[in-house]
Amino acid sequence: MSTAIQAANVSVRYGRKTALEDVSLSVAPGSVYALLGRNGSGKSSLVRTLLGQLPPAQGRATLFGEDVWRHRTRLMERVGVVPEDADAPPEMRVRELAWFSSRLYPRWSQAAFDARIDRFGIDANARSGNLSKGQKKQVSLALALAASPELLILDDPTLGLDVVARKSLFEEVIADMADRGITVFITTHDLAPVEAIADRAAILKNGRIVLDEELETMKSRFRRIRFASQPLALAQANLIATAVRQWGTGTEAVVTNYNDLELARLQEAVPTVDVAPLSLEEIFIAVAGEEKGQQS
Amino acid sequence: MSTALVIASRELRDRTRVLIVGAALAILPFLVALMPSAESNRATVISALGGGAAMAYGLCLALMYGVSALGRELSEKRLSFYFSKPIAPVALWLGKTGAALVTVAGVALLVAIPSFLAAREEWLVFWGREDWFVWKLIAVVALFLYFGGHALSTMVRSRSALVALDLVCAVATVMLALMLVRPLLERGAVERVFAVWAVLAGAALLAAAIVPVVQLSRGRTDVRRSHAAYSSVLWPVIGVSLLIAAAYTMWVTSPSLKSIDKIENLDQSASGQWVFFTGTDSARGDVASSFLLNTATGASERIQPLRWSSVKFSRDGRTLVWVESDELLPRFGAARVHTRTLDGSGADGETSIATGISDAFTVSDDGTRIAILGRGQLRVHELASGKLLAATRMNQSDVRSLFFVSPATVRIVSAPRLEKTASILELDVTRKALVKTGQFAVGESFGFNALTATPDGAALYVNRAGTIRDGRTGATRVQLPIAPKTHRASVMLRDGRVVWVHDGVLELYDPSGARVREVKLPVSGGLIMGETENGHVLVTGRLGAPAPGVRGRKFVRVDLQRGAVVSVKEDVWGAVRWWGIDPRLPVYTADARFSGMNVEDRLTHWQQ
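Heads up: the protein sequence lines correspond to chains A and B, in order.
1 is the number of the first residue of the first sequence in our numbering; add one for each residue after it.
1 is the number of the first residue of the second sequence in our numbering; add one for each residue after it.
Just so you know, the hints here were simulated from the structure itself, not pulled from any lab data.
Some clues are possibly wrong.
Dumping the calculated DSS-like pairs for lysine-lysine here, alpha-carbon to alpha-carbon at most 25 Å [claimed, not checked]:
| hint | chain 1 | residue 1 | chain 2 | residue 2 |
| --- | --- | --- | --- | --- |
| 1 | B | Lys420 | B | Lys432 |
| 2 | A | Lys133 | B | Lys77 |
| 3 | B | Lys485 | B | Lys436 |
| 4 | B | Lys312 | B | Lys258 |
| 5 | B | Lys258 | A | Lys17 |
| 6 | B | Lys432 | B | Lys485 |
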């Protein structure tokens, strides 16, 4: 088994609308993979496809090397899922959810579930429908983790969580998973904490993967450059800019192929160049940010 | 614990409210029985309300659970709860369905049992008849409501354009289900109709029970894909069921002449060359098939008159007339007259003459006209053109005899049930006038077959009274000193003479009432079936009491001139025209070949 998740040329359509177009990605076992994208970019469709809930119109999605559409039932024994929206029946109590899951997962750990619910301060007798959005997420997370998964798929897991819970999720839970060699696939808008734990990130834009690489590599080639000259200087230095702003005689640009050689070339033309590294959030905004006709 | 049981168990944990309502309903009959108005029949009130509430509540729950089985979670996008876990579609469906059906049955029992225990006898009278038929029916209805509710929920909740296609398919299914039993209804095969519908309903139920597994496998959490998956399997399965039912219907309605093993109706033309008969093939159930057989050539063709409606040969033996239904579902409604000219001299097939299948009709001797009695009217049409020649108001139930004395004159004997007088009427077709020509007193047994008449209608004979009357005025001509026990034990021949069969003899009287002779018969009693052109009388009867299970009779041909039995055919049922509205005795040619049924109810031919 060389990959935990693989999507090969996956396209998903809803009638005439294309949600995903020719998406390919690969997640190595034991890694933390962050899928980023704006609302409506196709993240949830991709997650549903990877969970075998949505058939690709083209291409193939596999988990642990097996076609997930065909072998979903068996594969789900190895996968923990935290869905974007709470989907547990609202009339079920937390302890009933645990009982239900315990009968389905061969490696279920009731102690782990109880401990986590206890830590979250959630009443096990509370009905799912009466929990807050954040508590529902926490229950989902506790259920997913108690199943002792080999792969954890988190679809916007911080939605509705307070700051403390978010911090706990990333710093304790996901980091712990990563340390234990469990593959984590996460979609989120919370980019700062992801940056600290993700091994690889991809950006989905309008149903297409526009960026997919190791986070370190990504961060090393993206730079914000400011210089007192026209943008033409970028081209002369063979720097590729994804976002360019001009003011007076100055230029600010985000370049995607930064390295020392190109910087030296630019400095030959423009003596004063201000170079700053980019955070993942800034890279995301530069790559997936506003376009003509697109609202944030 | 298997996954299906886990799901069922989960579903059942949340049924507290349903049980509380059930418990309240179980108590309700006892509270109603405490009312002063129920004091005299408390047990009846408890049993009626207890059983009724159990059924009604069970059916409501079945529908409710069917509608929400998957549909609610699909439309609320919560089905991913199951699909993100190692749960197979079949386990999900089985678990949910099992829990729903167990709940429905359990709650029905919860509501019913207290009233059953409190008023056991009355309860059994109300609800336990015919081997608990009502409960079995309710169980089937509950299944239909559950699976039908799920189907409707799946279709409607998806809000996709496919709903229109579903509607078209549903309408088409109903139409096809009705149309494909039409041939069965025309053949009176009510059992087969119910069998076909039961099989279709069973197939639909089975499909509706199994297709959700495909729906979940292919559609999973997407409400529209789910609907598409459901419909794309359901309708083809139902379509295949309809095709199989259609093939079965074709098979049961297409028996060969040889496979008919039970004749139930038979008539023949004067020469015996043409035989019409209706019969069933035991392998094809109660489907009656009709054939017109040319006994001279052996050629046969299938015709399909409505079962139990009349089929008539004209007295000249050249025309056959029958009615077929005009309706999608044949009932006592619209029908149409069909005709076949047996010598090939005229037009065949469907005429433009409309009728009802409960209408009576008779055909003129030359086969050119038809008189139809029904729906408060007597109408005379020309068969070839369908043209209405005359019509008059007439109550069908009053008429005892109706026949053409000539193509232009129809003779009617009418005797309203509570009146003791019969009227003789004549419809002049040319002048379109109805005239009462006479009347006579009648007794209580003056029903169908009470009369025989000469072919020209000049004389009437009241069979069981032994009275020869004037055919137009009804005036008594002769009162014979006889007392026949049945209408067909004594009849008038075409020349006005009267024969009476009784106690192993045939007595012959001339039109003046004089006893001409007595002929000893090889049968103890009998019925007079017809006469031949050369003066022979055909009698059918048994010698002594019939042996159990033996239907055969002797068919005896008597030469009236010589006063001797000419021949006897054993173990046959003759060509019978028992309930014709035409009172004239059939007249066969001298060399006529006869057709009838043998002791095994199969078709047989003989000449004697």
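Verification of the hints:
1. B/Lys420 - B/Lys432: Given pair B/Lys420, B/Lys432 is violated - Cα atoms ~28 Å apart, limit 25 Å.
2. A/Lys133 - B/Lys77: holds, 16 Å
3. B/Lys485 - B/Lys436: Violated, because 30 Å separates the two Cα atoms, which is more than 25 Å.
4. B/Lys312 - B/Lys258: Given pair B/Lys312, B/Lys258 holds - Cα atoms ~23 Å apart, limit 25 Å.
5. B/Lys258 - A/Lys17: Between B/Lys258 and A/Lys17 the Cα gap is close to 64 Å, so the pair fails against 25 Å, i.e. violated.
6. B/Lys432 - B/Lys485: violated, 39 Å
The structure shown violates the earlier hints numbered 1, 3, 5, 6.
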